[in-house]
Each structure stands twice: as C-alpha cells, then as structure tokens.
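Enquirer: One-letter residues, chain by chain:
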Amino acid sequence: MENFEPKIVAFLCNWCAYAGADLAGVSRLQHPSFMRTVRVMCSGRVDPIFIIQALKNGCDGALVAG
Amino acid sequence: MSNSSPIGSVLVVGGGITGMQSALDLAESGYYVYLIEQSPAIGGAMAQLDKTFPTNDCSM
Amino acid sequence: MITLSKVTSITGEEGNFTVTVKKYPRYVDMDACIACGTCAEKCPAKVVDEFNEGLAKRKAIYVPYAQAVPLKYAIDRDNCIYFQKGRCRACEKFCPTKAIRFDDVETDITLQVGSVILTAGFTPFNPAKFDNYQHARFPNVVTSMEFERILSAGGPFAGHVKRLSDGVEPKKIAWLQCVGSRDMNRCDNPYCSSVCCMYAIKESVIAKEHLGKDFQPTIFYMDMRTHGKDFEKYYDRAREEGVRFIRSRVHTITEVDASGTLNLAYVSDTGKRVEEEFDMVVLSVGMEPAQSGIDAANILGIELNPYRFVKTADTSPVSTSRKGIYVAGSLQGCKDIPQSVVEASAAACQASVSLSSARGTLVRDKIFPAELHVAADTPRIGVFVCNCGINIGGIADVPAVAAYAKTLPHVAYVEEDLFACSQDTQEKMVDVIKKEKLNRIVVAACTPRTHEPLFQETIRNAGLNAYLFEMANIRNQCTWVHSQEKDKATAKAKDLVRMAISRASLLEPIPDLSVPVSKTALVIGGGIAGMTAALSLANQGFSATIVEKSGILGGAALDVLHTWKGEDVPSYLNDLIRDVSANSNITVLLNAEVIDASGFVGNFETKVRRNDSIQTILHGATIIATGGKAARVDEYGYGKNPRITRWHDLENNPEMLADANSVVFIQCVGSRDENRPYCSRICCTTSMMQAIAIREKSPDTSVFILYRDIRTFGERELLYKKARELGVVFIQYSLDKKPVVTETPDGLLVDVFDPVLQQPLQIQADLVNLATAIESAPNEDIAGFYKLPLNAEKFFMEAHAKLRPVDFASDGIFVCGLAHYPKPIDESIAQAMAAAGRAATVLSKTAISVSPLVSKVDTGKCIGCGLCAEVCPFGAIILEDADGKGYRAKNISASCKGCGLCAASCPQKAIEMLHFKDEQILAAVCAAGR
Amino acid sequence: MAGIGKDRLHLAWLSSAEAQRFVEISSQVMKSIGEQGPFDANRFAMELNAAEATLNSETVRWLVGKEVKLLNRGDVYGRKWEKAKFEAILDNVLEREYHKHLIRQAIIEGHTSVRAIRDRIGLELKWISYLLADMEKTSMVEFKGHEHHVPVFGAL
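So the protein lines, in turn, are chains A, B, C and D.
Residue 39 in this note's numbering sits at position 39 of the first sequence; the count goes up by one each step and never skips.
To get this note's numbering, take the position in the second sequence, counting from 1, and add 66.
To get this note's numbering, take the position in the third sequence, counting from 1, and add 126.
To get this note's numbering, take the position in the fourth sequence, counting from 1, and add 1056.
Isolated chain A, as found in the complex (with noise of 0.2 angstroms):
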C-alpha cells in the first residue's frame, strides 16, 4: 500500500468547483497530484454510469464537485 498513487476523476462544475481550483491555482495553494479533471456544465450532467466507467477503466475513485 505504500507509494500508492491514486488516480481519482473529479467531474467539477463549471461555474463554481472548477472555478475554485482554479482559484487554487491563482493562490498556489498546493495539493496532491491525484485528480484528474473533468470539466461539466453542472454537477447535474454527471450521470452515475460516468462513475462505473471511470472505475472500470483503472481510477481508484470519484469526486463529483459542485
């Protein structure tokens, strides 16, 4: 388990989780390199299926921001 590197999909929100990490960035408040973005429209597109198929094709997990 050590040197584990999870690999996570976060679906974040256009208008507010997305803008927020990317606020991050501006502020260059550092943090794990895990995630691996998916820019949506709203928390609301994101279908549960996006989920399964993330898991199915090798993420470790989700994080569905709004």
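Hints in this document: simulated from the structure, not taken from any laboratory.
Just so you know, even glycine gets a beta-carbon here, dropped at the ideal spot from N, CA and C.
Hints are supplied without guarantee of correctness; some may be wrong.
Here are a few chain D residues that face chain C, going by a calculated C-beta distance under 7 angstroms [unchecked claim]:
id: 1; residue: 1114
id: 2; residue: 1117
id: 3; residue: 1125
Chain B is faced by these chain C residues, among others (derived, beta-carbon under 8 angstroms) [as the list claims (entries may be wrong)]:
id: 4; residue: 129
id: 5; residue: 152
id: 6; residue: 194
id: 7; residue: 237
id: 8; residue: 243
id: 9; residue: 271
id: 10; residue: 488
id: 11; residue: 767
The hints should help you fit chains B, C and D onto chain A, whose structure is shown.
Expert: Then chains B, C and D, alone, in the frame of chain A:
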C-alpha cells in the same frame, strides 16, 4: 435635446457593482461604453465582502 | 474599460459631451502582462494592503485581489523602491514577458459621449477619530469591513477568525450598530446607512459557522432595521441560532488585561448599568459618499444634497440636476447591493432613452471567415502545449508532454509555445491550422474559464467551428498547485492532455443558435411601476402593451399623497397617466386579464381576456408589475369603529383629524408576525410623515407612535428626527406585549407597556391609525403561466437576491414594483426603469444569439414520460403532441442553459447535451484511467 | 451496494472563491482513497457490469428522476411522499435490480444453474429462483432446459 444626432456612447464613472451593471446593460443595448475606475481593477466594495445574505453565497 | 483614471473636465450637453479623463500610469504593459505573479514574488517592497483593510501586506507591484479584472499587475509608485530611491527594478529583471514600463506616463484621454452615469460609491465611515470607540487604540476593536476580510477565505487569515491582539479564537464578539450613522453629536451623519443591521446579522451568523456552537455573538442596536426582502426571516433565524440582540448603546469600552479582552459598559433595557467582557468588538460602520464621487460630481457640475449625496427627486430617482448625467448606487444615498443594481439598470435605461436615436451607431460585430465542413473528416488534431513563460515550463517537462502527445491517436501536429495566448502565436496558429489541415484543436495551457473564448476566436479565424476546441488545464490545476512535485506534475499534464485529445477526437461542430426577437413588450399591471416601465420602453422606440385588471390606471399609488421627500403624488400620477395614454407606442388594455402564456425570450405568446373577447399578443419581453395592496386586518378593532383607521384611510380623509386631540399610531399591524414574517418597508416612514403633518397643523394634538423598531432607513431618518423634535411620543412595544385597543363611551383607550418606565400606560385616543402591512396581489396564476417562482409570501422571486434583482432565471421576463416586495414610490420607479432597461437589452436586438451548448431530444427514443420537463429548472423542455405518436419531449433551446439535468435523468437516454455528449465525457473519463 | 465501497465516491459543494476549501476537499479525498488502496477493476468486473446495467435500467432512472416531484408535489394521486419512504422504496428497487443484473452477469460468465449462480454471487437460492422467474418474464434470461436434471439458464 438640442442636438439632432446624439452620440451613441456613454461614460460610466466607477467600476463597482453599480457601474459594472450599468455598463453591461448599455453595452447589451447597443451603446459603446467607457467604464472608468480610479483603482487598478474593477469590483469596488462588493469584492471585499466575504459572503452576502441570504444564501451566504460568496460575493465574487 | 479604463482603469486608474479620473474625470478631469466636461463640456457640452445631453447627447454630446466632451469629457477629459486623466489616466495614471500602471507601469505595466497590459497587453504583455500575463499575470504570472513572478514580479510580485520578486518585489522586495512590502506595503499595507488596503483591499484587506490593512490587515495584511502586499507588494509594491500587485493585483488588488486574486479574481481582479483586469487580471494585470500594477506598480504602486508611492511604495516602489525604484521610484522612491532610484534603484531595484527587480520586477523588470524577472518579468518573463518584458511587460514592465518604468517610463509609463500620465495621459489625458478625450472622450465623446452622449451621457454620463456616475456610480463612484461610498467610503466606510472611519471611526478612528472618535475615541469612545477605541478603534485606534485597542487591536481587538475592528470595523465591519475589517471583519469581512477576517472572515474571508481569501483574506489575511484564510478565513480563520482570530483576535488581532494574540491570534486566539474569540468566544464572544459584540457588534456595535450605528457607528457613524444616526448620530449628530459626534459625526454629523444624521442619516441611517440602511445596510449595517443586515450585514451585522450576516457577519454574526457566519462567524458562528466559523467558530462553532459555543461562540456567542451579541449585537447592540438602537432599532433593528431588517426592512429588505426576506431580511426579517434572516433576523428571526439568527435569533434562533443564538445571536443575542440587545437594544442599547455601549458607552464605554476598556481593555481588561494585556491579552486585549475588552470590557463594555452599557445600560440595559430595564435601565440598569451593565458591564460585560467580550473578546472582540466589531464596529458596524456606516456609509459616507466617496470623496472621489464628490469630486467627480463637482467636476460634472451636478448638485449634492446636504449630506453630500447626489441630489435626486423621488419621481426621477436616477436623474441629476444636469440633463444627460445620471447617478446610481450608494453615491445617490445609502443603500444595499440589490437596490444599487436596480439603479444601475435604471440609469442605463434613462441614458438609453435620451440616446435611442444613436443606438448601434458606434458598435459593430466582428466578421469571421466561412466555416469549413470538417465534421465528417477523420480527426486531425493539432496540439499546442504552452510553457506560459516558466509557469508551466518551469515545472512540468513541456517537451516530454509534447512528445507524448505526438504518439496519441489522431494527433497530426504538435508544437510548444512560450505563450500560446500572445498575439503573434495566435496569428501563427491560424496559419498552422490552415497549412496542416487540422480539424480539432487542443491547447494545453491555463484555464478555459479565462482563455477558451480567445482560442475559439482564433480557430474561427482559421475557418473552424468554435466547438472543435478543447483545453487541457495544465497550469491552474497542475503546475501551479504541484510545483514541488515536478515529475508528478509532468505525469498529470500528460494525462490531462491525453484526456483532452481523447475528447477532442469526438467533438462535433455546433452551429450558432439565435432566435428572432419580437420588438414589443407586454407589461402586466398598470400602476406606477407598470406605467413607468412601459413609458421607458416606448420612449426608446419599442412598443408596449399594458394589461390592467381594473378599469383605471394608477394602482396602489392612487392612495398616496406624498413621497417621503414631500413630492406631490397625485399630480405626478396624472402626468404619468396622460403621457402613457398619449404615447403612440403604448397600447393600454383596461379590465383585461392574462389567461395563458407560452413561448420564450424574444417570442412570447400571451392570451388576454377583455370583455369576454380573447386576444393573443406576441411580445419579445415580459414585465411583471402586478403590484400589491394594503392588507385587510381585523386586529385592534378595525372595521368595528370608524375612529380606527388604516393609514390610507387617513391619507384620503384628512377631515377625520379635525376634532382629534389625541392620535395613536400602531406600527407593524399585520407585518413581522407569524402570518407575514416580513417588514412592509414603508409604514414607519408613512406614519412619520402623517404624524409630522398633524403636529405641524395643530401643535396641540398629542401624537403617539407605538412601534417595534423604527425603520426610517437612509435619509428618511431625518423625518424620525423631525417627528421627535415636534413632540411626537414614541413608545416601543414587543410582539408578546402588543397594545390593546378598547372602545369606551368617551372614545378609544390604548393600553401599552412602556419599557423605559417599566410599567403599563393607558392612552386616551380620539383616533387610532393602523400602519397595516402591504401584501402581494394574487400572483399564482401569472406565476403559473410564465413558470416563475414565488416566495412564501407570494411575492415574485427574482433570479438572484443581490445581483439580479429585476430578472428571473428565465430570460426575457422582468419584475418591478410591489409585485417584487413592498417598497416606496422612488424605489418602484427605479425598479420599473431597471426592468425596462433590462428588457431593452433583449428588444434592441433583431435576433438573440444563445449558447448553442444545449440539450437535444432524440424523438425516436423518447417515450414522452415527461421526466425531463419535470427536472428542467428553466422550463426549457416541454411535452408536445407529436401527431399520432402521443407526447414527445421538445427542446426550447433559447431557454436552455445547458446544465444537463435532463440528459442525466432521461430513462431512455434519449437526450444528449451538445458538446457534453455522453461519449464525449466518457472519452475523457476513460482516458483518465489508463 | 456493489461491495465497491461508497467511500470511493465523494461529493462536495463549494463556490468559485473557495480555493482553500477545494484544497481541503482534495486532501480529504486523497487521504480516504489512499487508505482504501488501489481499486482492482478486474476483481470487481462482474459487480461493475451489474451496477452499470442497474443504473441504466429504466425503472431506476425513472424513479430517481421522479424524486423531487414525489417529495414536493405529490404523485398522480396528489399524495406527497415522505423522504424516508421514498428512499426505502428506491433502496429496494436498486437492490432488486442490482441482484438481477448480478445473476445475469454470473450466467454470462458461465454459471448457468441456480446453485452455480449462488456459489458465484452468494445470494440465497430461493431469492435467486424468484428473481430468475421475474427475469424470464422481462426477457433478461431464458430457460434453456435441463442438464443432468438441473435447470439451466441463458442470458438474453
């Protein structure tokens, strides 16, 4: 109005929430807008507020 | 947009002004600056940060705050070491784009404009000069503006609330209201600042969220003024959540010990002297007109009132003393954000009225080359990996990312750029796209939120559809936040690029979407708000139809004699009705009622019934001005005794006062209680005006006002002051000890408990006047026809309580007047002008382009279950009777915001979101894992 | 539900200005997933396929879509549903659908008799038989005949 053909542009003095709204409305209605602000960035006092009533949304 | 500038002179007149503007040097080339922040990192000069109210430091080269627009650095000359001492120039040395211009100079710009709108705002009152507040001496006494910054996640303490003296989390904070407001003794600001009660409650509630259950907030106040929409409920909730409210003015603040804990001495409501310790004190400072606004007003030659706000009339709330110059926001008088936004749109509307013949003469649309048809072609993806100077290239291995991109399917061309967004790279990009016949473009750089439009324009210049473009965010969400882990940042950048390429290969061109606009408005309601809105549109050349239920125009204002500034309402109303009736652009339908509506922005269809005939009106915009009315009450014996009146009975029948020696006003009748948990906003001021009129006419008549909180907000406070000076007696009562009115053979008796004397009082009254609540018109039908939300009290709910006070979430529909919330005439007029101004943004266009990223129903798969129509928050999907097939869902693309709720919930998977199709998102998801 | 652990999915709400909060969320998610270790998609292939099919099923999508309406405005009879009641029904439907798809996946893998299915997925024999009968009706599986007196099924 004494001038028969007025100029289709408006000067908005102040880049706070009020000035920005005026400028946007005018621009969307077909006028050229000059928005002037004394500081280096627009936003005014509202940008300084943390959150606003009623939803306690952030004010950005 | 011109920043760092001031107006220095003006000549000319309405329609044709010449204005000179002095532009101060920024010392940074705005076109070259990419806001990477290297300069500020290297700048050795630390300066007090005024954006954070002096609680933090910034550098001498800076952006005021992280989300600033324009996001470009500026040098603060007064604090720059080079300008002050002649050496340094560190920023110049390190700037990757050579954007520093130490030789930048002041310039004068001459502008030709048709009108001017002044919105220079307010300055928070500075309490430093008053020693009783101890702001300058004690570190734990802060102003409310400073406290906002302390609370802010982007503030000096990253949102952790702590004392300035020792960094300890406070357990008890006291807010002191009316600092720099309602005070003639010390600060010469006799007016109420209108906003402080509400922001103090908000700050206390948010502080409690930050500090947890044990935190004890206390607010010391004179009158709690929560007179805005839904404010009263917020106040109620704050009390339930444990915010303590004490009606008292703190007279002495001392420091208890070296830790900075404070002792507050005040007199309780029962008259006892109390001392209590607090960890922090927040001074709820009032508003003063900004000096820059006063200067500008003087240069523009417009009149100010005695309190140095710009002078306006109630019936023309945004017009100044000089024609063609308008004012909006807190420079016109203290007000909150929504009212400022309302005035902003109102001023825009007024400027638009006077310049309507020149509309569109100075703006032009950009023309792009014809689009190539590449949809069916095999993807040839061009990938541009940006170094962003050293912002990306300094951390991630850009050559490796680019080399990796070359190995991916469909990638036809890869290049590295120093700055992908620079003008010359953009031009090169157009050439490359054409030469390499690229048909999908991926840019790996900063964030699409700021740069997608720029690149979309670029590829449109190369003949590609704007939606054949995808960005990989390898700066904001990668190198900037993983700068310590260069390998991982590179790996992540590769993943993000792979995801973007995978998605890009499935992107499809999406045609622009636009809908034609019917250049006419429907105004529902013929009161002051409705008439003002219709007239404001008609005077800009648009036509308007007013639908009024009753047989006359005028609405609720027919019961009003004077505005609070004393302007004559009946004659204003007569003029307005005459102008409306005479205007050839306006059709008035009296005794008419809306019975059904359909359509969307630019294309509404409303059915109106009038005298048993039904007509259909086509219109591009809808203005809801259905008004409100005084509530009927049965409290305090109303209706049983002719000597018990409602306020407008008194207003219309002044002869009732002829033989009255004693008049009692009871406030909040039907307001601020369980049935109507809101403040009706106008009643305190109305009673004040009526009481003043009585005392001025017959000084021997005793006048009593029984109130809960006096809410004479803004400069209306001066009426309260005048009433007190004229000898009106004010007695406060609480909800659990309401006054009791009894009939006796000699007249009326009013029993009330006096909190100052701490004993019951009995007042003999010849007349009892009830300040009854304002309630909404029956709005349910209209709300249903246009699918508009109502709040719990059946007032229409705007799109955003602060920022969009006249809009609805559905485009093309606007609200004004009492239909929105009880309000005085000046505010109704301003809101009506605002609604007209907002409607003009729709009506001035021949066609509205809407975002084409909308949902699309596959009618072959659709089974007509209606779930999508159910979940859509914008009414953008309806069920339609497809011939012979039963119901099928139909998109109304003009109303669609592209959120995708419908697609995620369709049981048949019959709905696709353009540009965010299932397979397009899944392509990225699947690519993420590998 | 699928033994995948709901801890692998995180939901969060934040506004555009809350960069700090984004970082906090990101660290929490990292910690949580880090502790759970890597996800082995092959091991859970059957469960994932079944879960995917469940989520794609019309019944589930329809029920989820109706939530707001049932809770706030009432059903076709005008009755408003309690949130708890709705969730209980939803859980029930989800479980049933998921089990059906699990059985189907097991059949696809070659576990064609009731006992073999039980051994693969661990549900009760009676419940499996009951669901199989149901699945036959909706054409998810078909009865293929007997092998050594044991009924066998095929996926459709």
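Enquirer: Among all the numbered hints in the text so far, which are the ones the structure does not match?
Expert: 11
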